[in-house]
Amino acid sequence: MLILDDKIFKIRDKSVSEISSRMITEIEMHVNGDSFMDYILSSNIVNELSKVILKNNNSYEISYRSNYNRLNILKNSVNWVPEEPLTDFENELFDLIREAESFIEVDDYSINDRSKEIISKSNKLFQEYCVKSKLIDKELRSEFFIRLNRIRAYLSKDDLISTYKCHTAIDELDILCQNNEKLFYDVYSSLKNRTEEVRSEFNKMRNYFDYNTIKLIELKLDKITDILESQSYEIIRKAEGIVNEIEYELNASAEIKLKRTIEIVRSELDSLKTSIWLDDWLKIREELEIMISEAESTGLVKDLNLDKFKTSRLILQKKQDVFDFIDKLESAKNCDKSLIAGEARRMLRTESSKVDLDGLNKLMLPCAKKEQEERSPVTMTKKKIFYLFVFLLTLTSVILFLINQKLTRQYYNTKGQKYADIVETMAYSEFKAGKTPDKSLIRKKLLVPKEDFEIIAITERLVTVMYKGEIYKKSIRSRK
Amino acid sequence: MILKPFSNDLGISYKKFQQQNYFILINNNSLKKVNIKGINKISSSNNREFIELSDNDIISRRFEEIPLSSVLISKENITEISNLARSRLEFTDTETHNEITFSELGAVFSIEMFDMIWLEELMSEGHRKGIEIINDTMIFGEKSHLFEKFTVNLERYEKYLQNPSDFALIESIKIETEKIIEEYNGNPYDHFLLALLYHRPTSFQDLTAAKKEFIISRELSAEIENNDLTAMCDMMLAWFAYIEKDYDKAIEISHRALDLEFLSVPEIYFNLSKFYAAKGDSGNSIQYLDEVIRGFDFLYAIKAGIDDDFNKIKNDLNEYISMARDKAKKGIMKRLNNMGIFFTK
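Chains A and B are the protein sequences, given in the same order.
Here the first sequence stands for residues 1 to 480, where the numbers follow this note's numbering.
Here the second sequence stands for residues 1 to 345, where the numbers follow this note's numbering.
The following block holds chain A by itself, in its conformation from the complex:
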């Protein structure tokens, strides 16, 4: 006998049901066979069936059950029986609910799924109506529509008494609406606004909380959101306590924030004491204390910083002032210069005022004047020496040149005469041999550049040569 536990075996979809029924029948057949082979053979089918059921259970939950629950919740909220004539809102809402119901009722997960969007749309419509009409509270809303139904009933009748009763009913409805409106603003609206403010403030201050506190506050905010959707002023009222708790935490944190900001800004100022002129620092400190007092009284820390004092410019200014002074000092030649420069540099590392630098500046003036006086005689002497040097150099060069020229002339003369002797010797030997000396032959024997030397003539008694532009003669020896 087959028993299906519907708490576990939840199959609504027709196609899934058919498939699983087929499988179960096959398994049942094997179970009835009750042999080793039967159970072995059924194991594959059991595997497949478990996959089918797993998939089914997922679809059951997602496509059917979750939508079914949502629709039920909505229908619980819409807890009046509408009577003709329906309002536009009722028309639209109940049409949507009917449509959603029609999808949910079908034994097909894919169709059940289609109800999801419809239900969301219905929920949205309903929520918007509740806020717009201020009928947040379920009981009051129900009361409202009951009275409205009464009015509709009277309206449907066409007699005088019904008309009078209708007026009374409308008055009563009006009073209900007024009371509701008051509650709406006092309870719901005010809580909603406070919650939004608190949420916004919390988001700004997140960094000041540790992880656990953030999580706790977020949980509380989520709880408030749920409470606001609870449809009960009584329950919504209780949420005020939660909002108070969050505000308390935020305030406590705001104080911490203020203290920390003051500490930080004072510390930042302290660190600037050596970086900027003391005069500027004192001015900033005075103004900062005023800003701190204001922040303490207002609780606003947004502008509690050093931005407006443009401290970076002041830091640069001090450096510039000192370096300018040192540059000026460098150009002055003074044995005390290094001491003054050192003093100026020390100011970059210590608390010092502009006045101190001015004092150093005054020290530098006498040095500059003395330097100027000493500068003229020294310059004069130097020039003289230079000119003298140049003159002597030039003179020496000229003398040396002249000497060189003379010596060169003497050298050339000696050489020229020598060449004349050589040519005479060659001519003499030719004559002695009874030959006539050949000028060109004799010239070839002399290794002198052509442009420097020339045999002009060779006669019986005389040799004439030219060397380096000068004529040289030599008488030929007697040939006895």
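Just so you know, the hints here were simulated from the structure itself, not pulled from any lab data.
In this text, a Cβ means the ideal position worked out from N, Cα and C, and glycines have one as well.
Possibly wrong hints are sitting among the right ones.
Below, simulated DSS-like cross-link-like pairs (lysine-lysine); rule was C-alpha separation at most 25 Å, straight line [said to hold, decoys possible]: (1) B:330 x A:51; (2) A:450 x A:415; (3) B:174 x B:41; (4) B:329 x B:314; (5) A:55 x B:334; (6) A:182 x A:124; (7) B:16 x B:179; (8) A:51 x B:327; (9) B:15 x B:312; (10) A:439 x A:406; (11) B:330 x B:75; (12) A:182 x A:238; (13) A:223 x A:75; (14) A:223 x A:182; (15) A:10 x A:182; (16) A:415 x A:337; (17) A:10 x B:330; (18) A:432 x A:445; (19) B:334 x A:7; (20) B:212 x B:312; (21) A:302 x A:319; (22) A:10 x B:249; (23) B:149 x B:212; (24) B:249 x B:327; (25) B:41 x A:7; (26) B:37 x B:4; (27) A:257 x A:204; (28) A:7 x B:37; (29) A:51 x B:334; (30) B:329 x A:51.
One-sided excerpt, in silico: chain B residues whose CB lies under 7 Å from chain A [what the hints assert, rightly or not]: (31) 62; (32) 66; (33) 70.
Could you slot chain B onto chain A? The hints should help.
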């Protein structure tokens, strides 16, 4: 089909058993059991002294024709199991090369298929590596022409298995293989092939010679650590020992094969269980039967149920099957209950 394995208690000699049981190899690697007409044709072609058989002479081996315990299998399952077994042997797809290995066949394997399965197994990774080593060795030893002849012989043998009535073909393969071995006896595959040829129920069947060739093949393959071929040799040597009724030897050799960690031949496990059963050792027999059923193929439970050797441990086997059935049942019921499905009596 799951066929009753040969048993020394079958009342028929091994050769006569072989001569009435043939499979042929079809192109796409299907195996087809030969009918009586084919049996007579093949046996006559391969043995001049063969006397034709009639239907009554054929020993019924199909599990469908053998009564089985209802604890093991109910009547309604017989067709399904039969179809499952057939699907492992016969393939409808004629285009693809279908696998018929020991592991694919499982309990459907029967000893008369051995050569066909071995040829298929040669395509496996383990054997291919071994063959490559042999090929390289023979090339190096200038015997590559002999290796080529070996591969030709394999192809010819495959052809023979497609038409086992061609006795001339198998004879020539035997002669060629012997010549190759004469020239070079270092190829274990040549020896293995020759052993298979001697094992065939032909006029030159010689189980002693087959055993000798398997031993040589085993030694040569063990030298090059070709575990696949070594285990194949052990499987056949264990089988021969069993046929000679040396069950201890059969068991020893089977263990030797398993020690090689050769896990893809379930038949070695089943044979080991069978040899223990033949000895009457139900403890060890059940142990290895359980291993092969759970680890490889549940159909071995049927094969054991129809194997005459297991009759010696029938009570223990039935008890085991009963326990296995109960365990399987418990598992199935638990899973069904988890799904919300309850079967009550």
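Do the hints match the structure? See the list:
1. Taking the CA atoms of residue 330 of chain B and residue 51 of chain A, the gap is about 20 Å. The hint holds against a cut of 25 Å.
2. Straight-line distance between C-alpha atoms of residue 450 of chain A and residue 415 of chain A comes to about 15 Å, which keeps the hinted pair within the 25 Å bound.
3. Restraint check for residue 174 of chain B and residue 41 of chain B: the C-alpha separation of about 21 Å stays at or below 25 Å, so the hint holds.
4. Taking the CA atoms of residue 329 of chain B and residue 314 of chain B, the gap is about 22 Å. The hint holds against a cut of 25 Å.
5. Between residue 55 of chain A and residue 334 of chain B the CA atoms are separated by roughly 19 Å; this keeps the pair inside 25 Å, and the hint holds.
6. Simply put, residue 182 of chain A and residue 124 of chain A have alpha-carbon atoms about 24 Å apart, close enough for the 25 Å limit, and the pair holds.
7. Using a Cα cut-off of 25 Å, the hinted pair residue 16 of chain B and residue 179 of chain B is violated, with the two alpha carbons roughly 29 Å apart.
8. Proposed proximity of residue 51 of chain A and residue 327 of chain B is supported: the alpha carbons are some 22 Å apart, at most 25 Å.
9. Of the pairs offered as hints, the one joining residue 15 of chain B and residue 312 of chain B holds, with about 24 Å between alpha carbons and a cut-off of 25 Å not exceeded.
10. Taking the CA atoms of residue 439 of chain A and residue 406 of chain A, the gap is about 32 Å. The hint is violated against a cut of 25 Å.
11. Note on residue 330 of chain B and residue 75 of chain B: the hinted pairing holds, with a Cα-Cα distance of about 22 Å set against a maximum of 25 Å.
12. As the CA atoms of residue 182 of chain A and residue 238 of chain A are separated by approximately 17 Å, the hinted pair is consistent with the 25 Å bound.
13. For the suggested pair residue 223 of chain A and residue 75 of chain A, the alpha carbons sit about 23 Å apart, so the restraint of at most 25 Å is met.
14. For the given pair, residue 223 of chain A sits about 24 Å from residue 182 of chain A by alpha-carbon distance, which is consistent with the 25 Å threshold.
15. Using a Cα cut-off of 25 Å, the hinted pair residue 10 of chain A and residue 182 of chain A is violated, with the two alpha carbons roughly 48 Å apart.
16. Note on residue 415 of chain A and residue 337 of chain A: the hinted pairing is violated, with a Cα-Cα distance of about 71 Å set against a maximum of 25 Å.
17. At most 25 Å may separate the alpha-carbon atoms for a hinted pair to count; residue 10 of chain A and residue 330 of chain B meet this at roughly 23 Å.
18. At most 25 Å may separate the alpha-carbon atoms for a hinted pair to count; residue 432 of chain A and residue 445 of chain A meet this at roughly 19 Å.
19. In summary, the hint linking residue 334 of chain B to residue 7 of chain A is supported, as the alpha carbons are separated by about 16 Å, within the 25 Å threshold.
20. For a cut-off of 25 Å, the pair hint linking residue 212 of chain B to residue 312 of chain B is broken: about 31 Å separates their Cα positions.
21. With a CA separation close to 31 Å, the supplied pair residue 302 of chain A and residue 319 of chain A exceeds the 25 Å bound.
22. Restraint check for residue 10 of chain A and residue 249 of chain B: not satisfied, since their Cα atoms lie roughly 60 Å apart, outside the 25 Å limit.
23. At most 25 Å may separate the alpha-carbon atoms for a hinted pair to count; residue 149 of chain B and residue 212 of chain B meet this at roughly 22 Å.
24. For the given pair, residue 249 of chain B sits about 34 Å from residue 327 of chain B by alpha-carbon distance, which is inconsistent with the 25 Å threshold.
25. As the CA atoms of residue 41 of chain B and residue 7 of chain A are separated by approximately 66 Å, the hinted pair breaks the 25 Å bound.
26. For the given pair, residue 37 of chain B sits about 21 Å from residue 4 of chain B by alpha-carbon distance, which is consistent with the 25 Å threshold.
27. Of the supplied pair hints, the one linking residue 257 of chain A and residue 204 of chain A holds, its CA atoms being roughly 12 Å apart against a limit of 25 Å.
28. Of the pairs offered as hints, the one joining residue 7 of chain A and residue 37 of chain B is violated, with about 62 Å between alpha carbons and a cut-off of 25 Å exceeded.
29. Restraint check for residue 51 of chain A and residue 334 of chain B: satisfied, since their Cα atoms lie roughly 15 Å apart, inside the 25 Å limit.
30. With a C-alpha separation of about 20 Å, the suggested pairing of residue 329 of chain B with residue 51 of chain A holds against the 25 Å cut-off.
31. The closest approach between the C-beta of residue 62 of chain B and any C-beta of chain A is roughly 16 Å, which is over the 7 Å cut-off, so the hint fails.
32. The interface hint given for residue 66 of chain B is violated, since its Cβ lies 14 Å from the closest Cβ of chain A, which is over the 7 Å cut-off.
33. A distance limit of 7 Å between C-beta atoms decides the matter here; for residue 70 of chain B the minimum to chain A is near 6 Å, and the interface restraint holds.
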